[in-house]
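Novice: Letter by letter, the sequence shown follows residues -20 to -1, 1 to 374 of mature numbering (1 follows the signal peptide of the UniProt record, and there is no 0).
Hints listed in this document are in silico derivations from the structure and should not be mistaken for laboratory results.
Treat the hints with caution; some may be incorrect.
Stated by the list, open to error - In silico lysine to any residue, SDA-like type, Cα no more than 20 Å apart, as pairs:
id, residue 1, residue 2
1, 233, 199
2, 47, 62
3, 31, 43
4, 138, 46
5, 264, 240
6, 252, 177
What the hints assert, rightly or not - Pairwise CB distance ranges (calculated):
id, residue 1, residue 2, range
7, 110, 165, 23 to 33 Å
8, 52, 99, 18 to 28 Å
9, 142, 94, 16 to 26 Å
10, 144, 40, 12 to 22 Å
11, 251, 94, 21 to 31 Å
12, 262, 134, 40 to 50 Å
13, 203, 269, 12 to 22 Å
14, 199, 38, 22 to 32 Å
Note that the structure is predicted; figures quoted are calculated from it, not measured.
The beta carbon of each residue, even a glycine, is placed where N, CA and C say it ideally should be.
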Amino acid sequence: MSFCVVVVALKNWMIQLVRGSKPIEANMKWITVAAALAVINTATCGHDVHKHFMAWMKQHYTPEEVKAFVRDDLTTGSIGGGPLTKETNDRPVVFVHGLNNEAGNLWKVARVFAAHGFPTQYMFATTWGRGLEPTNFNVGMSCAHVRHIRRFIEMVLKYTGAKQIDVIGYSMGSPIARKAILGGKCVDDANVALGPSLQSRIHTYISVAGANQGSYLCGLPFFEICNMNTGLSCNSKFLADINWFKNYESSYKSFNLASSGDSVVGYMACGKKASEFPGGHEWKVEGMNHEQTEFDTAEIQLKMLRESTDGKSKSRPAGKNSFAEVKKYLNTKRRDVKPLKTAKPVPKKVAAKKGAPKKAAPPKKAPAKKAAPAKRASPKKAAPPKKNQKPARH
């Protein structure tokens, strides 16, 4: 990544130091440095889009559209693009950040991806919303945000020429990305049609700490982010719309990466797992907070993307074909099973060809008659003497 992304990392780190400090006077130098970095960002940053991608956008889109995608008004409003220098089995991926963030905040995920051989030219992100505003909760999942992400996905498909790409949605960016893929009419403006589903163009979808069922912090809708129309309240109209359908986020597989230690979205909300969604395969991590789940699980996210790519990574247990595993087990020899006696093969009857002369059947042999059992000879009795017969003299 460029110098601009490094500046973002330093700025975020220093802001965290300022927030975590107790005596303000002792940390004025950190505030000064953070302010100085903000000035540097405004002067030298704005985006981390490759010049090849920028030239292509200017050729195919209006200046207003390019400005909306690039977001030069922010620290790092967009990233991605550039010609590939070598062949890869990876697909382009679009990152969709969460609430009060911007594209440049995903630098940590991008760094891990690049370290594992994922081409930087295939990592794309734009910014929806107003960027880094930690205390702004008057944000909803409006039609404008959904359209912005959908058009960016369509642009990446067109720019890369890929048949399919992957999408990763973080926190509030997950329900926004899911609606962008789903299409249909906008929730808050039925007169705006987003278009047909993009499912066939999305290979793998990953929700990371996603507020797919809402946020447990929205038990009471105090802020705009918790409104009942486009907010994160459990029964909002927007969430009901995206959770009505199933398995539309991707054509291969969708994943749900969530943590039991998430205190922003929460692990449970309204009696449900806050990050689950119909058809999503859950991958649970333990003890990570919200930001750690988003940015410190990059290796898990990459394994999910590469699950179906030969030679890149092994499939996780939950992603294997259970029927194939059972079939493989049944076909293996096991010591605890006695071998069955194989029956003699029965010769198959060959069907006679049509029009062939029928052969005369051989004469049937008569069954051999059984020999009658021999009669036992009975002892002969002496004949009685005849009448008027004189006895013989000796």
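Novice: For the pair supplied as a hint, residue 47 and residue 62, confirm whether the alpha-carbon distance does not exceed 20 Å.
Specialist: Holds, because 18 Å separates the two Cα atoms, which is no more than 20 Å.
Novice: State, for the Cβ atoms of residue 110 and residue 165, whether the hinted interval 23 to 33 Å holds or is violated.
Specialist: Holds: the Cβ-Cβ distance is about 25 Å, inside 23 to 33 Å.
Novice: Taken at face value, is the distance from the CA of residue 240 to the CA of residue 264 at most 20 Å?
Specialist: Since the Cα atoms of residue 264 and residue 240 sit roughly 7 Å apart, the hinted pair holds (cutoff 20 Å).
Novice: Run the distance test for residue 233 versus residue 199: straight-line Cα separation, threshold 20 Å.
Specialist: violated (31 Å)
Novice: With respect to the beta-carbon atoms only, verify the hint that residue 203 and residue 269 lie 12 to 22 Å apart.
Specialist: The hinted range 12 to 22 Å holds for residue 203 and residue 269, with Cβ atoms some 21 Å apart.
Novice: Tell me if the beta carbons of residue 52 and residue 99 are separated by a distance inside 18 to 28 Å.
Specialist: holds (24 Å)
Novice: Against the 20 Å threshold, does the CA-CA distance of residue 252 and residue 177 hold or violate the hint?
Specialist: Violated. Residue 252 to residue 177 sits at ~26 Å, over the 20 Å cutoff.
Novice: Could you see if the CB distance from residue 262 to residue 134 stays within 40 to 50 Å?
Specialist: Check failed, 29 Å falls outside 40 to 50 Å.
Novice: With the threshold set at 20 Å, check whether the alpha-carbon distance from residue 31 to residue 43 stays at or below it.
Specialist: holds (15 Å)
Novice: Please test the hint of 22 to 32 Å on the beta carbon pair from residue 199 and residue 38.
Specialist: Between residue 199 and residue 38, where Cβ atoms are some 47 Å apart, the hint is violated.
Novice: Please test the hint of 12 to 22 Å on the beta carbon pair from residue 144 and residue 40.
Specialist: holds (20 Å)
Novice: A range of 16 to 26 Å was offered for this pair. Does it hold for the Cβ distance of residue 142 and residue 94?
Specialist: holds (19 Å)
Hints 1, 6, 11, 12, 14 from the earlier list are contradicted by this structure; the remaining hints agree with it.
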